[in-house]
Amino acid sequence: MDTIRLTAPEVEKHDTVRHVGIPWGPRMKIHSRFVYVCYPHSWGWDRVHGFLPSVKKIVAVPGLNGIPANGSFAGTLASLALKGATYIDPKDSRLGPFQNYARSYKVVDQENRVVGRHWVDWCQEASVLPNGEVLWNRDDVHDKFCEFRAKIRDSGIVSPLVREVYLRVRGKLEQRLKTMSERSGTNPRATPQIKQMEKDLAQMEKDWAKLCKALTPTTLKPEEEA
Amino acid sequence: MANEITSTLLKSNGGMVASTLSALIVEQLWDPTDLRAVMSFVPFNGAGSNVMDVTQDAVPSAFAAASSETTGGQSNTAYTTSKFSLTPARYVIQYQLTDMLPIAGGPIDIERVALKISQGVGLTMTDLLCALFPSLANDVGPGSGNDLTVDDLYAAQFQLNSSNVMSTPEMPYSAVLHNVQMNDFRTSLRSETGAQQFQDATAEALATKGPGFQGSWNGIDFWQSDSVETVNGGADRSGAMFGGGCFAYTLADVRAFQPHVPADGVFILTDQLLVEINRDATNGMSELIGNLYPSVVEAEDLRGVEIISDA
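As given, the protein sequences belong to chains A and B, one line each in that order. Okay, so the first sequence: first residue is 0 according to numbering that gives the first Met the number 0, each after it adds one. Okay, so the second sequence: first residue is 0 according to numbering that gives the first Met the number 0, each after it adds one.
Just so you know, the hints here were simulated from the structure itself, not pulled from any lab data. Be careful, since some hints might not be right.
What the hints assert, rightly or not - The calculated lysine to aspartate or glutamate pairs, modelled on DMTMM-like cross-linking and capped at a C-alpha distance of 20 Å, are:
{"id": "1", "chain 1": "A", "residue 1": "Lys-82", "chain 2": "B", "residue 2": "Glu-286"}
{"id": "2", "chain 1": "A", "residue 1": "Lys-177", "chain 2": "B", "residue 2": "Glu-299"}
{"id": "3", "chain 1": "A", "residue 1": "Lys-194", "chain 2": "B", "residue 2": "Asp-150"}
{"id": "4", "chain 1": "A", "residue 1": "Lys-198", "chain 2": "A", "residue 2": "Glu-173"}
{"id": "5", "chain 1": "A", "residue 1": "Lys-82", "chain 2": "B", "residue 2": "Asp-56"}
{"id": "6", "chain 1": "A", "residue 1": "Lys-205", "chain 2": "A", "residue 2": "Asp-153"}
{"id": "7", "chain 1": "A", "residue 1": "Lys-82", "chain 2": "B", "residue 2": "Asp-225"}
{"id": "8", "chain 1": "A", "residue 1": "Lys-82", "chain 2": "B", "residue 2": "Asp-199"}
{"id": "9", "chain 1": "A", "residue 1": "Lys-28", "chain 2": "B", "residue 2": "Asp-30"}
{"id": "10", "chain 1": "A", "residue 1": "Lys-194", "chain 2": "A", "residue 2": "Glu-173"}
{"id": "11", "chain 1": "A", "residue 1": "Lys-171", "chain 2": "B", "residue 2": "Asp-146"}
{"id": "12", "chain 1": "B", "residue 1": "Lys-115", "chain 2": "B", "residue 2": "Glu-286"}
{"id": "13", "chain 1": "A", "residue 1": "Lys-194", "chain 2": "A", "residue 2": "Asp-45"}
{"id": "14", "chain 1": "A", "residue 1": "Lys-171", "chain 2": "A", "residue 2": "Asp-153"}
{"id": "15", "chain 1": "A", "residue 1": "Lys-150", "chain 2": "A", "residue 2": "Glu-223"}
{"id": "16", "chain 1": "A", "residue 1": "Lys-171", "chain 2": "B", "residue 2": "Asp-150"}
{"id": "17", "chain 1": "A", "residue 1": "Lys-171", "chain 2": "A", "residue 2": "Asp-45"}
{"id": "18", "chain 1": "B", "residue 1": "Lys-115", "chain 2": "B", "residue 2": "Asp-98"}
{"id": "19", "chain 1": "A", "residue 1": "Lys-205", "chain 2": "A", "residue 2": "Glu-173"}
{"id": "20", "chain 1": "A", "residue 1": "Lys-177", "chain 2": "B", "residue 2": "Asp-146"}
{"id": "21", "chain 1": "A", "residue 1": "Lys-194", "chain 2": "B", "residue 2": "Asp-56"}
{"id": "22", "chain 1": "A", "residue 1": "Lys-209", "chain 2": "A", "residue 2": "Glu-197"}
{"id": "23", "chain 1": "A", "residue 1": "Lys-177", "chain 2": "B", "residue 2": "Asp-150"}
{"id": "24", "chain 1": "A", "residue 1": "Lys-28", "chain 2": "B", "residue 2": "Asp-300"}
{"id": "25", "chain 1": "A", "residue 1": "Lys-209", "chain 2": "A", "residue 2": "Glu-132"}
{"id": "26", "chain 1": "A", "residue 1": "Lys-205", "chain 2": "A", "residue 2": "Asp-139"}
Keep in mind it's a predicted model, so treat the numbers as computed, not measured.
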């Protein structure tokens, strides 16, 4: 064999691992795909957006409430419709910017291989710290989620709020105000909360009056005996 | 002075090692809450279907006054039954160990890994139950983004009472809350006065009810679980309070498919859990595969109420 001369040693390349998803850890719970439904009696109230329908999350977990192994919602949604629930289809164009409200992040293992998908609402964002801890933007999603609920209300996907449900929502706040007022003597910190609740009640009545102008609700009246 | 014999020298040249392994094993932090205690167990009878319907009997009706002593007759009263369905699905977990582990003499062995698999059964059932809370039709809470207070627990209790959900000493209401919700509730309790005190779980109560049980207040059993999900874009946690019979579960008998598994492939076999061992002799590895067939369902929605408060 002839003598050879090697003159170009290779530089060792450092592999830079760039996380592309949420790092999976033993204490992390990966959330499954979900959809929302609304019940006609389930409404809430927000100071900025007024009366909003409450959305109930139905998750596609096999073995749960009749969800089969393939994760199909069909049977579950059919039985919920019989109970009066309205399905909020993620693909419904009436949702506008909130279409596809259920989205996912990739979940990766230590070798950066994708091991699953973590399903979240469209507005949820995460910061992954260098130690792998995941911090979610819990504190600034409230308004965005209220806008989503307002869109469901205004787009006609759900039936409008009826007076009896409004009275129930108002009654809950009145009850809370009453309880807080009874304890205000022993708890001085209750006073500003009581004042806020009184303002909220007044605002609630204005919001209801606004809704009434926009709608002509159908209410049953008892029949007179012939 | 020179030529001291130091630990650094011996570690470098021989005579000491960098570290040794203690025989003691300690647990890392985890939530062992097992919420099967608050659900109704329904044995699964696989008689030709993977779906089992459970009948809910009709409610009795009060008598009605006859319109006349001699004529008029009587029309039939409706007998309206209902049902819920349990649909077991396969749940599986797998670990793979190399033969080098026992050769090296470490404390993590195949028995310990099998123990982790069996402990995972309770975690799985807890996760499944907590995933159902956001679908409860009724809810109470202080409003999105606000901390849970004692008033909200009262509101939940009143909601259940209004729906005729019974609470008895044998089957009291159960409240399952996230750790954050539990902290907020305890904080709110500090400003309460009166005879109603939170009774922390005693050792006997923990032994009876299982891990995750926090104590009792106002006749309600409190449980805490980090499996309680987030809702409203992640801003809030969705706990629940419910009476007996609200949720039902089954764990199908895995011994039914034992004939499919060679006898020497069975590592653990109970009526609920089958752990198989799969040997890869070529690569010197052994797999432990745990099999479970659970199903959890909302048996009767009105028996429960969702508790939504700040996450």
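Hint check:
For a cut-off of 20 Å, the pair hint linking Lys-82 of chain A to Glu-286 of chain B is broken: about 46 Å separates their Cα positions. Annotation: proposed proximity of Lys-177 of chain A to Glu-299 of chain B is violated, straight-line Cα distance about 32 Å (limit 20 Å). Between Lys-194 of chain A and Asp-150 of chain B the alpha-carbon distance is near 17 Å, which keeps this suggested pair within the 20 Å criterion. A threshold of 20 Å between alpha carbons decides the hint, and for Lys-198 of chain A with Glu-173 of chain A the separation of about 12 Å falls inside it, so the pair holds.
Simply put, Lys-82 of chain A and Asp-56 of chain B have alpha-carbon atoms about 18 Å apart, close enough for the 20 Å limit, and the pair holds. For the given pair, Lys-205 of chain A sits about 18 Å from Asp-153 of chain A by alpha-carbon distance, which is consistent with the 20 Å threshold. With a C-alpha separation of about 30 Å, the suggested pairing of Lys-82 of chain A with Asp-225 of chain B is violated against the 20 Å cut-off. Of the pairs offered as hints, the one joining Lys-82 of chain A and Asp-199 of chain B is violated, with about 39 Å between alpha carbons and a cut-off of 20 Å exceeded.
For the hint pairing Lys-28 of chain A with Asp-30 of chain B, the CA-to-CA distance comes to about 12 Å; that is within 20 Å, so the pair holds. The suggested pairing of Lys-194 of chain A with Glu-173 of chain A holds, with an alpha-carbon distance near 12 Å, which does not exceed 20 Å. For the given pair, Lys-171 of chain A sits about 17 Å from Asp-146 of chain B by alpha-carbon distance, which is consistent with the 20 Å threshold. Between Lys-115 of chain B and Glu-286 of chain B, the direct Cα distance comes to roughly 14 Å. Compliance with the 20 Å bound is thereby established for this hinted pair.
Pair hint Lys-194 of chain A plus Asp-45 of chain A holds up; C-alpha atoms about 16 Å apart against a cutoff of 20 Å. With a CA separation close to 24 Å, the supplied pair Lys-171 of chain A and Asp-153 of chain A exceeds the 20 Å bound. Distance restraint check for Lys-150 of chain A and Glu-223 of chain A: the Cα-Cα separation of roughly 40 Å exceeds the 20 Å cut-off, and the hinted pair is therefore not satisfied. Between the alpha carbons of Lys-171 of chain A and Asp-150 of chain B the distance comes to roughly 11 Å, so the proposed pair stays at or under 20 Å and holds.
For the proposed pair Lys-171 of chain A and Asp-45 of chain A, the alpha carbon gap of about 14 Å is at most 20 Å, so the pair holds. For the suggested pair Lys-115 of chain B and Asp-98 of chain B, the alpha carbons sit about 19 Å apart, so the restraint of at most 20 Å is met. Annotation: proposed proximity of Lys-205 of chain A to Glu-173 of chain A holds, straight-line Cα distance about 15 Å (limit 20 Å). Distance restraint check for Lys-177 of chain A and Asp-146 of chain B: the Cα-Cα separation of roughly 19 Å lies within the 20 Å cut-off, and the hinted pair is therefore satisfied.
Between the alpha carbons of Lys-194 of chain A and Asp-56 of chain B the distance comes to roughly 49 Å, so the proposed pair goes past 20 Å and is violated. Taking the CA atoms of Lys-209 of chain A and Glu-197 of chain A, the gap is about 19 Å. The hint holds against a cut of 20 Å. At most 20 Å may separate the alpha-carbon atoms for a hinted pair to count; Lys-177 of chain A and Asp-150 of chain B meet this at roughly 11 Å. About 25 Å separates the Cα atoms of Lys-28 of chain A and Asp-300 of chain B, which puts this hinted pair outside 20 Å; it is violated.
A threshold of 20 Å between alpha carbons decides the hint, and for Lys-209 of chain A with Glu-132 of chain A the separation of about 46 Å lies outside it, so the pair is violated. For the hint linking Lys-205 of chain A to Asp-139 of chain A, the alpha-carbon distance of about 27 Å lies beyond 20 Å, and the restraint is violated.
The structure does not agree with the numbered hints 1, 2, 7, 8, 14, 15, 21, 24, 25 and 26 stated previously, though it agrees with the rest.
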